[in-house]
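> Chain residues, written in single-letter form:
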Amino acid sequence: DAGVTQSPTHLIKTRGQHVTLRCSPISGHKSVSWYQQVLGQGPQFIFQYYEKEERGRGNFPDRFSARQFPNYSSELNVNALLLGDSALYLCASSFDFQGRNSPLHFGNGTRLTVT
Amino acid sequence: AQRVTQPEKLLSVFKGAPVELKCNYSYSGSPELFWYVQYSRQRLQLLLRHISRESIKGFTADLNKGETSFHLKKPFAQEEDSAMYYCALSGGGSARQLTFGSGTQLTVLP
Chain A
3 DAGVTQSPTH LIKTRGQHVT LRCSPISGHK SVSWYQQVLG QGPQFIFQYY
53 EKEERGRGNF PDRFSARQFP NYSSELNVNA LLLGDSALYL CASSFDFQGR
103 NSPLHFGNGT RLTVT
Chain B
181 AQRVTQPEKL LSVFKGAPVE LKCNYSYSGS PELFWYVQYS RQRLQLLLRH
231 ISRESIKGFT ADLNKGETSF HLKKPFAQEE DSAMYYCALS GGGSARQLTF
281 GSGTQLTVLP
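First to last, the sequence lines map onto chains A and B.
The first sequence lines up with residues 3 to 117 when you count with our numbering.
The second sequence lines up with residues 181 to 290 when you count with our numbering.
Don't read these hints as lab results, they were simulated from the structure.
Do not take every clue at face value.
Here are the computed lysine to any residue pairs in the SDA-like style, where the Cα-Cα straight-line distance is at most 20 Å [claimed, not checked]:
(1) B:K189 with A:L90
(2) B:K202 with A:K54
(3) B:K253 with B:S232
(4) B:K189 with A:K54
(5) B:K189 with A:K32
(6) A:K32 with B:L226
(7) B:K253 with B:H230
(8) B:K253 with B:G209
(9) A:K32 with B:Q225
(10) B:K195 with B:S232
(11) A:K54 with A:L41
(12) B:K189 with A:V40
(13) B:K202 with A:G42
(14) B:K189 with A:Q39
(15) B:K189 with A:D64
Chain A stretches covered by chain B per the calculated footprint, using a threshold of three residues with CB under 8 Å from any CB of chain B [unchecked claim]:
(16) 45-57
(17) 106-117
Taking beta-carbon pairs under 7 Å as the criterion, some of the chain B residues facing chain A (in silico) [stated by the list, open to error]:
(18) S192
(19) G196
(20) R223
(21) L224
(22) G283
Using N, Cα and C, we set each Cβ at its ideal position, and we do this for glycine too.
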C-alpha cells in the first residue's frame, strides 16, 4: 500500500538559499496540503491544492510557494531561507478538498535544517 | 481566528488506568474536530473525528460546544497507546485546513 511519499527525507541548506520539496499523493487523491512542524509544536497549515489550483493558504510569507502538477504530485518551494524555516515539512493528501468523507493522509515528512 | 489548546505536554498513566487527553478550542462557527496520533517512528494518522462518533482502539471523544472541548478518553490504557496525540480543528470552507494543538505525549507505564 503506497502511502504519501515525500522527498528528500532530510535536507541541509544555508541561509539565503532556495529549497524545493516534493510530494506524491496516494493514488486517486486529488488534493495535497502542506504543513510545517517546528520542533515541539503541532503542524501548521501552509497550503492546500486541489485539481492544480490553490484552495487555501496559511499565514506564511510570500517566500513560500507551491504548485500541483497534472498527476496531482506537488512541490513546495521556499526562497531566501531563514534559520526559522528549519522544521519538518509534512505533505498530506485527500480525495477531495472538503474532506468531510475523506480524511487527510500524511507522509513521513522532509526534515529541513537551515544553517 | 481558530485556536486549539492542549494544556498537557506530557501525560503518564499506568496500564489499565483511565486516560483523558484534554483539548479546548476557539472558533466562532461550527467546527470539525479530530484527534491525530503519531506512534514512534510512524507517520501522523487520523485516530477519530467527531462527525463519525465512532470508537477507535477503545478511544472516544465527545464534542462539547458549551465548554468548547473535545477531550479524548479511554477507560483502560494499554502500553501500545503510548504515542504523541494531536487535537485538530477544521473551520470548514473550501480549504481543508487543519489547526493543530501542540500535542500531548502519552506514556503508558507497565
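> Now look at each hint and say whether the structure bears it out.
Evaluated hints:
1. Distance restraint check for K189 (chain B) and L90 (chain A): the Cα-Cα separation of roughly 19 Å lies within the 20 Å cut-off, and the hinted pair is therefore satisfied.
2. Among the hinted pairs, K202 (chain B) with K54 (chain A) is inconsistent with the structure: their alpha-carbon atoms are about 37 Å apart, more than 20 Å.
3. Under the criterion of a C-alpha separation no larger than 20 Å, the hint pairing K253 (chain B) with S232 (chain B) is consistent with the structure, at around 16 Å.
4. Between K189 (chain B) and K54 (chain A), the direct Cα distance comes to roughly 37 Å. Violation of the 20 Å bound is thereby established for this hinted pair.
5. Between K189 (chain B) and K32 (chain A), the direct Cα distance comes to roughly 34 Å. Violation of the 20 Å bound is thereby established for this hinted pair.
6. Proposed proximity of K32 (chain A) and L226 (chain B) is supported: the alpha carbons are some 19 Å apart, at most 20 Å.
7. As the CA atoms of K253 (chain B) and H230 (chain B) are separated by approximately 13 Å, the hinted pair is consistent with the 20 Å bound.
8. Between K253 (chain B) and G209 (chain B) the CA atoms are separated by roughly 25 Å; this puts the pair beyond 20 Å, and the hint is violated.
9. Proximity of K32 (chain A) to Q225 (chain B) is assessed by CA-CA distance (about 19 Å); at most 20 Å being required, the pair is judged to hold.
10. With a C-alpha separation of about 27 Å, the suggested pairing of K195 (chain B) with S232 (chain B) is violated against the 20 Å cut-off.
11. Straight-line distance between C-alpha atoms of K54 (chain A) and L41 (chain A) comes to about 30 Å, which puts the hinted pair past the 20 Å bound.
12. At most 20 Å may separate the alpha-carbon atoms for a hinted pair to count; K189 (chain B) and V40 (chain A) meet this at roughly 15 Å.
13. Using a Cα cut-off of 20 Å, the hinted pair K202 (chain B) and G42 (chain A) holds, with the two alpha carbons roughly 17 Å apart.
14. Note on K189 (chain B) and Q39 (chain A): the hinted pairing holds, with a Cα-Cα distance of about 16 Å set against a maximum of 20 Å.
15. Distance check on the hinted pair: K189 (chain B) and D64 (chain A) sit about 32 Å apart at the alpha-carbon level, beyond 20 Å; violated.
16. With a threshold of 8 Å between beta carbons, the proposed coverage of the region 45-57 of chain A by chain B holds, since 5 of its residues qualify and at least three are required.
17. Given a C-beta distance limit of less than 8 Å, the hint that chain B covers the region 106-117 of chain A holds, as 6 residues qualify and 3 suffice.
18. Among the interface hints, the one on S192 (chain B) is violated; its C-beta lies about 18 Å from the nearest C-beta in chain A, farther than the 7 Å criterion.
19. The beta carbon of G196 (chain B) is not positioned within 7 Å of any beta carbon in chain A (closest approach about 29 Å), and the interface hint is therefore violated.
20. For R223 (chain B), the suggested interface contact is upheld, since its CB lies about 5 Å from the closest CB of chain A, less than 7 Å.
21. Hint status for L224 (chain B): holds, given a least beta-carbon distance of 4 Å to chain A, under 7 Å.
22. The beta carbon of G283 (chain B) comes within 5 Å of a beta carbon in chain A, closer than 7 Å, and the hint placing it at the interface holds.
Violation of the numbered hints given earlier is confined to hints 2, 4, 5, 8, 10, 11, 15, 18, 19; the remaining hints are satisfied by the structure.
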